[in-house]
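2 protein chains.
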Amino acid sequence: MTALTPASATHTSAHGNGVAGPGGRVFNFSAGPSVLPDEVIRQIQEDVWNYKGSGVGILEHSHRGRVYEACLADAEAAVRKVGTVPAGYKVLFLTGGATGQSHLVPANLVPKGGHADFLVTGYWSEKNFEDGKFYGPMHAAANTADRKHALIPGDDEIRYSSGPAYVHMTSNNTIYGTQWHRTPRVPAGVPLVCDASSDIYSRPIDVSQYGLIYAGAQKNLGTTGATVVIVREDLVERGSKDIPRMQQLRTFAKESSMPNTPPHFAIYTVGLVANWILAQGGLAVLAQRNADKAKVLYDAIDRHSGFYQGHARREDRSLMNVTFRCRTAELDEKFCKEATAAGLDTLKGHRSVGGMRASIYNAFPRAGCVALAQFMDEFARRNG
Amino acid sequence: MTALTPASATHTSAHGNGVAGPGGRVFNFSAGPSVLPDEVIRQIQEDVWNYKGSGVGILEHSHRGRVYEACLADAEAAVRKVGTVPAGYKVLFLTGGATGQSHLVPANLVPKGGHADFLVTGYWSEKNFEDGKFYGPMHAAANTADRKHALIPGDDEIRYSSGPAYVHMTSNNTIYGTQWHRTPRVPAGVPLVCDASSDIYSRPIDVSQYGLIYAGAQKNLGTTGATVVIVREDLVERGSKDIPRMQQLRTFAKESSMPNTPPHFAIYTVGLVANWILAQGGLAVLAQRNADKAKVLYDAIDRHSGFYQGHARREDRSLMNVTFRCRTAELDEKFCKEATAAGLDTLKGHRSVGGMRASIYNAFPRAGCVALAQFMDEFARRNG
Numbered sequence: 001m002t003a004l005t006p007a008s009a010t011h012t013s014a015h016g017n018g019v020a021g022p023g024g025r026v027f028n029f030s031a032g033p034s035v036l037p038d039e040v041i042r043q044i045q046e047d048v049w050n051y052k053g054s055g056v057g058i059l060e061h062s063h064r065g066r067v068y069e070a071c072l073a074d075a076e077a078a079v080r081k082v083g084t085v086p087a088g089y090k091v092l093f094l095t096g097g098a099t100g101q102s103h104l105v106p107a108n109l110v111p112k113g114g115h116a117d118f119l120v121t122g123y124w125s126e127k128n129f130e131d132g133k134f135y136g137p138m139h140a141a142a143n144t145a146d147r148k149h150a151l152i153p154g155d156d157e158i159r160y161s162s163g164p165a166y167v168h169m170t171s172n173n174t175i176y177g178t179q180w181h182r183t184p185r186v187p188a189g190v191p192l193v194c195d196a197s198s199d200i201y202s203r204p205i206d207v208s209q210y211g212l213i214y215a216g217a218q219k220n221l222g223t224t225g226a227t228v229v230i231v232r233e234d235l236v237e238r239g240s241k242d243i244p245r246m247q248q249l250r251t252f253a254k255e256s257s258m259p260n261t262p263p264h265f266a267i268y269t270v271g272l273v274a275n276w277i278l279a280q281g282g283l284a285v286l287a288q289r290n291a292d293k294a295k296v297l298y299d300a301i302d303r304h305s306g307f308y309q310g311h312a313r314r315e316d317r318s319l320m321n322v323t324f325r326c327r328t329a330e331l332d333e334k335f336c337k338e339a340t341a342a343g344l345d346t347l348k349g350h351r352s353v354g355g356m357r358a359s360i361y362n363a364f365p366r367a368g369c370v371a372l373a374q375f376m377d378e379f380a381r382r383n384g
Numbered sequence: 001m002t003a004l005t006p007a008s009a010t011h012t013s014a015h016g017n018g019v020a021g022p023g024g025r026v027f028n029f030s031a032g033p034s035v036l037p038d039e040v041i042r043q044i045q046e047d048v049w050n051y052k053g054s055g056v057g058i059l060e061h062s063h064r065g066r067v068y069e070a071c072l073a074d075a076e077a078a079v080r081k082v083g084t085v086p087a088g089y090k091v092l093f094l095t096g097g098a099t100g101q102s103h104l105v106p107a108n109l110v111p112k113g114g115h116a117d118f119l120v121t122g123y124w125s126e127k128n129f130e131d132g133k134f135y136g137p138m139h140a141a142a143n144t145a146d147r148k149h150a151l152i153p154g155d156d157e158i159r160y161s162s163g164p165a166y167v168h169m170t171s172n173n174t175i176y177g178t179q180w181h182r183t184p185r186v187p188a189g190v191p192l193v194c195d196a197s198s199d200i201y202s203r204p205i206d207v208s209q210y211g212l213i214y215a216g217a218q219k220n221l222g223t224t225g226a227t228v229v230i231v232r233e234d235l236v237e238r239g240s241k242d243i244p245r246m247q248q249l250r251t252f253a254k255e256s257s258m259p260n261t262p263p264h265f266a267i268y269t270v271g272l273v274a275n276w277i278l279a280q281g282g283l284a285v286l287a288q289r290n291a292d293k294a295k296v297l298y299d300a301i302d303r304h305s306g307f308y309q310g311h312a313r314r315e316d317r318s319l320m321n322v323t324f325r326c327r328t329a330e331l332d333e334k335f336c337k338e339a340t341a342a343g344l345d346t347l348k349g350h351r352s353v354g355g356m357r358a359s360i361y362n363a364f365p366r367a368g369c370v371a372l373a374q375f376m377d378e379f380a381r382r383n384g
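Those sequence lines, one after another, are chains A and B.
Residue numbers for the first sequence follow this note's numbering, beginning at 1 and rising by one.
Residue numbers for the second sequence follow this note's numbering, beginning at 1 and rising by one.
So that you can see chain A by itself, here it is in the shape it has in the complex (with noise of 0.2 Å):
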């Protein structure tokens, strides 16, 4: 079966302006689910049919398959080469999205009468650190609320309390759109957790410098309903006993992420996007790739920095979730409505920062930051 060329397939867009993507697609600048590369979907087309000649489709393959099973091991083997994830790190995947993994991992890491400490720089961190006080009680060595989440702190600004399990961090704040771009110093000892779901994987990562990394896959490795933890195996064994069998980590480590019908679609795709990765020629390609396509945007924001406003200090902007407004609510709105008839697509921005965000994930292709960047100068000059 060849790729499927739609009979839509031109570069005008589905709202009918010319301003859109190719192949009937606009520009979808959704914060997640978000944009899947064009070869990935094609393959997925191919694949839900009959994957790999084997008369069955990808989404009605038994788990316990061998045909599956392979997939599967070839999906953890990509993800691993992506992040050069070293030796003694588990690759697993499990369900019910970051948010699970905003309670498992304290039932697994938080002992009896223990704690953990919390960056709180977003709203999924403040969320964190209120989930995690069902396990104990949890302490924020920073807490940037009172700046309205616009900058990263420094590591001066961090009070550890004493003895952590862990410390629990969000590399992306994908609503208020920031992005660390260090690693904080934590205590020694201390393993890191990080909450990577809105930037894993789009830009080089050492995973050794942290216990456990978790993410929704739904950004930048793939669609919903798979969760992917890459976890230091003394972790794993050091987890608490004491909780039921299906949130102990152990319990998907030992059977390979699959104690149960794992979410096998999910995985599946998430093979392809990291397999699309390598052959792309890895992170440190897309680092830079993902660096110009946000410098695109980011220079139109401060080119008209009288009509636009950039949520993100400076040197804590996110190359993922780009967050700007205008001078007032109704110019925003006015933006995203008019951005959507020129097909660029799901820009307005979170509730609780209002205005404009473009989510420019891996899979977002540079074409659509430069047609965003000519809507926003042209926005500008007509409303300015």
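Treat the hints with caution; some may be incorrect.
What the hints assert, rightly or not - Taking beta-carbon pairs under 10 Å as the criterion, some of the chain A residues facing chain B (in silico): (1) I44; (2) N50; (3) A70; (4) T328.
Think of the hints as simulated: they come from the structure by calculation, not from any bench.
The structure presented is a predicted model; accordingly, all values stated were derived computationally and were not measured.
Just so it is clear, CB atoms sit at the ideal spot from N, CA and C, and this is done for glycine as well.
Model the placement of chain B on the given structure of chain A, informed by the hints.
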């Protein structure tokens, strides 16, 4: 975009034999994940590229956007309509599979110091019973393990305890190939909880007889990643508040299954399958079709009763999973090998039962049952 016809769309098997299904696809007897209707797969092939003309593929759609919200609402409405789910019941979509519910149900519904009763009729209800013990001293009101789970217990051999929080049953035993063809009598006022993963919506169901029904979607309702939960509203409200937020059914009820990013593609697929069931004429039509399909296979077993032996007691035979074996394990192995070569795929029985298992859920075509029955005839003739 028109429906795709792959270049390999002939009636020959991917395995090189002539007995296969159409379109380059073999007959897939997998116990789950399992076969989907061809029409559903064709729709998915279109929708992953561009869902409903939105210019965005379904895998990439923001779960908070209008387009996807309508998709989820449609899936829920279709699930309600297929099962004639009465007012006073919620239809929820969760993650973690049926095994996840094996934990969430007791976590929510067994009060401190309380317990529940289990009808242990197979592999999965044994697991449910074991998992339940984390939450209290569970009671097996019936257990057919001593009879190799080859039958469903009569009401006269069920011994309920005093004051269970609920009674748990598994409506179809995927591995042993037995099925409840009646609803068990339970003590007055005690909610009946049913794991219906392997026969949900294969026949008409009176939801009002149950307090809670759950099912992994990957057998009769779609693919992996989503768990459908149909639950009486008073049980949602009665649920414990002393458990983590993401384990409370009320969290999912309050937030319309979206307290966090849901398994949005899996839910979309449930919607496609539920609408496909409606298009077939609903559950009465499917029940007739499923009974007819199963009869084709059970007739073949009975026609060669000296050669094949069915596992289940005749009156408790499952219409979803047909389990049988030859006289020797060597013949079983030969059967599976030759069947696979003939395009009759994934017939090997579960290790705890041995022999063969033909899973013939809603979407499995009658032609596949006829092909298998013919193969059984020939195999018995050649090896009898």
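Inset, instruction - Please verify that hint: I44/A, Cβ, nearest Cβ of chain B, below 10 Å or not. - result: Holds - the Cβ of I44/A comes within 10 Å of chain B, reaching about 5 Å at its closest.
Inset, instruction - Please verify that hint: N50/A, Cβ, nearest Cβ of chain B, below 10 Å or not. - result: This hint holds: N50/A lies near chain B, its Cβ roughly 5 Å from the closest one there, short of 10 Å.
Inset, instruction - Hold the hint about T328/A up to the distance rule: shortest CB distance to chain B must be less than 10 Å. - result: 24 Å, violated
Legend entry - When the least beta-carbon distance from A70/A to chain B is tested against 10 Å, hint result: Violated - the Cβ of A70/A stays beyond 10 Å from chain B, reaching only about 15 Å at its closest.
Going down the numbered hints, you'll see the structure goes against 3, 4, while the others check out.
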